[in-house]
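Enquirer: As a plain string of letters, each chain reads:
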Amino acid sequence: MYYLTRQSKLTQFLILLVVFFALCLAIEPSETNVLWRFPALFAGLPGAINEFAENLMYEWLPVEVYDPELEEYETSALVRELTRGFSRSVLFCIELIREILLGGVKTIVTFTSWDFVGEHDWAVWPALPWTVVSGGAIVLGYALRGAGLALLAGLATSYIAIFGQWEPAMETLSFVLIAAPVSCFLGLVLGTAAYKSTTTEAVLKPLLNVAQTMPHFSYLIPVMVFFGVGDHAGAIATIIFATPPMIRLTLLGLKRVPVEVVEAGAMNGCTNRQMLLKVLIPTARRDILIGSNQVIMQCLAMAVIASFIGAKGLGFNLLLALNQLRIGQALELGICIVLIAVVLDKLSLAWANQQTDYFADESFMRRHRYGVIFLAIFALCLLLSLLGRTIFFNGINYFYLIPHNQGITTEPFWQAGVDWMVENWYHGLQAFNNWLILDVLMPMKAAYLGMPVIATFVLVMGIGFIIGGLRSAVIVGGFLLFIAFTEWWDRALITAYMTSFAVMISAILGVVIGSLCAQNSLASRVILIGCDTLQTFPSFIYLIPVIMLFGVTDTSVLIAVIVYATIPAIRYTVEGLRGVPVTLQDAASMSGVNRLQRWVKIEMPLAFPHIMLGLNQTVVFALFMVIIGAMIGTEDLGQYILKALSDKNGIGNGLVLGLCVAFIGLAVDHLIHTWADQKKALLGT
Amino acid sequence: MKKLTRNMAVAMSLSLAAVSGPSLAADSSKPIVIPTHNWSSQVVMAYVIGGIFESMGNNVEYVPADTQAVYEAIRNGDVTISHEVWQSTFGASFYNAMQKGGIIDAGTHAAMTLEEMGVPQYVIDDNLCPGLPNWEALADCPEVFATADSGGKGRWLEGPQSWHGNQMPERLAGLGLDDKYMVKFAGSADALWAELESAKKDRRGVITFNWTPNFTDAEGFVFIEFPEYFEGCRVGDGGNGACGSPKGWLKKAANYKFPKTHPAAYTAFSKISFTSTDIGQMAALVDIDKMSHQDAAKKWLADHADVWKPFTE
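Same order as they appear, the protein sequences are chains A and B.
Residues in the first sequence are numbered from 5 upward in steps of one, following our numbering.
Residues in the second sequence are numbered from 95 upward in steps of one, following our numbering.
It cannot be assumed that every hint is accurate.
To be verified - With a straight-line cut-off of 27 Å between C-alpha atoms, the simulated DSS-like cross-links for lysine-lysine are:
#, chain 1, residue 1, chain 2, residue 2
1, B, Lys278, A, Lys652
2, B, Lys247, B, Lys294
3, A, Lys652, B, Lys194
4, A, Lys259, A, Lys282
5, A, Lys449, B, Lys278
Just so you know, these hints were derived from the structure itself, not from any lab.
Let's have the full structure, built from the sequences with the hints guiding it.
Expert: Structure, rendered in structure tokens:
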């Protein structure tokens, strides 16, 4: 051992490879050979989890509940009543916002009863005309930042209305408007708690790691069992998905607050609360804002998946459109999702960046000028929509609500585009498809499946050892051991094969595109906006055209994965390269290096730790998308996660499978992080 | 769990009472929750049934739900009914939920369903594989259905594995076609439609799993004629699997409380029985006439009062 550690990393790695291949050759593939496949010691785990959940929901702490409908008492479990009560309150909030935007009776029902609403026809909350909401968004944008944001808000809301997607868009918006603030708030609270107590931090860290790498499909069933189906369940799943980055960034921000600032606060006699609210959080604002930006992006990225458990709105319509192969329509819906994300993001950013003017002594009208303008717009738009009742001949009031089949649509154009693509490219692509499948993918898959389990452990733990010593080796080994003890090791190998192939291509593409764009500040800005857009654009949409071109094959899955996983690779490359200090670049240029040399010798090495973090994100994105790729047709963990939706042990299977995926992600994450940290330390940053 | 089962037994007997006798109490005004899935006929039928309930004075609510997960939701009472339970695709999930208790069988539609492997109409018209739709013709033309990843064999594109497990591979083995054909599991119904649409563009041979009534009926889809199904022919039942699919049922399911809370609506729901023609008409209004699902349901209800009125009486 001692001898080994003295060798250079390269030698160590070569020795590792030799051992690995020797093991691969030496071990006989047979089901009874423990070195070939570990016994499935955890095979009973999903069943146990399931039993636990069922017990919790139906048996434990029984309470008698009165059912006014049946006029009799029923036995229910306490936990179930609690979670259902929670669901009802979340649902109430969502319905409230939804009915302010779209009208309805549910809020009135909450305070009266269905009978009351049935008897009184007037007991309906009217919908706001879209012009009012749009006008409100414009005023808000102007008040918070100025004409630019007002224009963006106006264009986005008008696009949504004119394309006839107003109703689903407002449905989506109403659950995002609940999920996003709740996630931000939870994130702030938990992040602060972790900052204050190292125990909390130690407990939260692993939970956050798992939550951020676990595919969303795997917790849909537990959420559904505990909270029911409907918009509230969608919102809860979204909150689970969106809160972790907020916690992380809050914690990061608070930790970066300089000691001097904290001491200045203490010297001024801040109470604990003042210290937190007036000193720490404002100082950490930059990171917290990045957190809230992430929350909004994550919330809208969940719009489609949340509709699997009952969220209404754009996501559900998008799935319907895809089932009818109406790609144009799905695209328009996807654009609406992106627009909502962009507008919400910019508005919240502008709101958080507002400066308080402590000295202004303004008249009432001046202080409340935007409120007054909004009221004026409100009145004007109401008038318009009343007018609209009479001026349009076909009985549709375009100033009030444009129904989905009355809006403009570009669907025929996109549909024709897809048809053209399939007709003209299919045959050309077949040769490529055949080559890729026969000569690359199938051998690669066979090689992964042909690895004895002990060889995989030696390889992965060996890499861990080379990178981070014994500690890393034990950590990644632990992650792997969990997977090896479930009955899904082979499935996990297939997931690993697809992910690693996609990550390889994505990393190359990302670094090349990112490096090219980073040469120019305008190009960098454009590509970063493109990354933001693609990240919220629902990835389900490109599954269909890809199947049409490449069939139900691994190629299709991989292309979809690569499109999605390249985004973080590009983003981090651009950020990393742009972050290289100008002085260093100038110093290099003065030493007479040419452009290429500067890139290879100066910029890339300096940006490399950051790029590696991008690679880390690429792995997580690829894992997520491989799971969604199960909708095309794969044989990996994702397929089993989808299948868990109908399994008897659905909760347990879903969660354990989700953990398997998370642990693959976490093992890679650990290796990359350890390595990047070492490099950073070397660079002194 | 025992309690639930007992409740269910009570519900069952009560539901029988509700069907046979006159309803005892008025329906609750609480909304009946109807799930919507991601295919047209199901969504239109959701609005049609909702419309029928509304015509009886009930409140109705629609909630999007996953096709497999919905049975768990009905069991828990978060969703009240499901009106399209396809035998071979959702039978497993339905009976799993029933075993746990809380969900009842609310009768069967008149529509007989067929869920089977088949080919688009043009495969027959262009005579790509002479002798089809008889299954024996398959032996002579695997290359017509071969794809890049099928290893030279013909490919059967089956639905997700969660739908019918290993039935199709077992059938291939039973028929002795497994040296010429392989089964590829698609991940979703969308994948099947995308593959069919792509194949149609250059009239390429393709064998996929499909069902009827379905929107593909409009363009023509021919099911392969396998040896007839008989009890016990499947591998799981002790046979060798060399048989086709049986004509399947299309059931309705409900939460066990539904007969008690909404006796009149439940009675109507248990009587509702749509035929393949009804379902085809509903789907066509959306898929072919491009109406919205709500509008299609309204139009169908207005045009076919003679069909649905009797259910409510």
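Enquirer: Next pair to validate is A:Lys259 with A:Lys282; report whether the Cα-Cα distance is within 27 Å.
Expert: holds, 16 Å
Enquirer: Given the hint that A:Lys652 pairs with B:Lys194, does the C-alpha gap stay at or below 27 Å?
Expert: Judged against 27 Å, a Cα distance of about 9 Å means the pair holds.
Enquirer: When you check the alpha-carbon spacing of A:Lys449 and B:Lys278, does it fall within 27 Å?
Expert: holds, 16 Å
Enquirer: Measure nothing beyond the straight line between the CA atoms of B:Lys278 and A:Lys652; if it is 27 Å or shorter, mark the hint as holding.
Expert: holds, 24 Å
Enquirer: CA of B:Lys247 to CA of B:Lys294, is that 27 Å or under?
Expert: holds, 21 Å
Against the hints set out earlier in the document, no violation occurs for any number.
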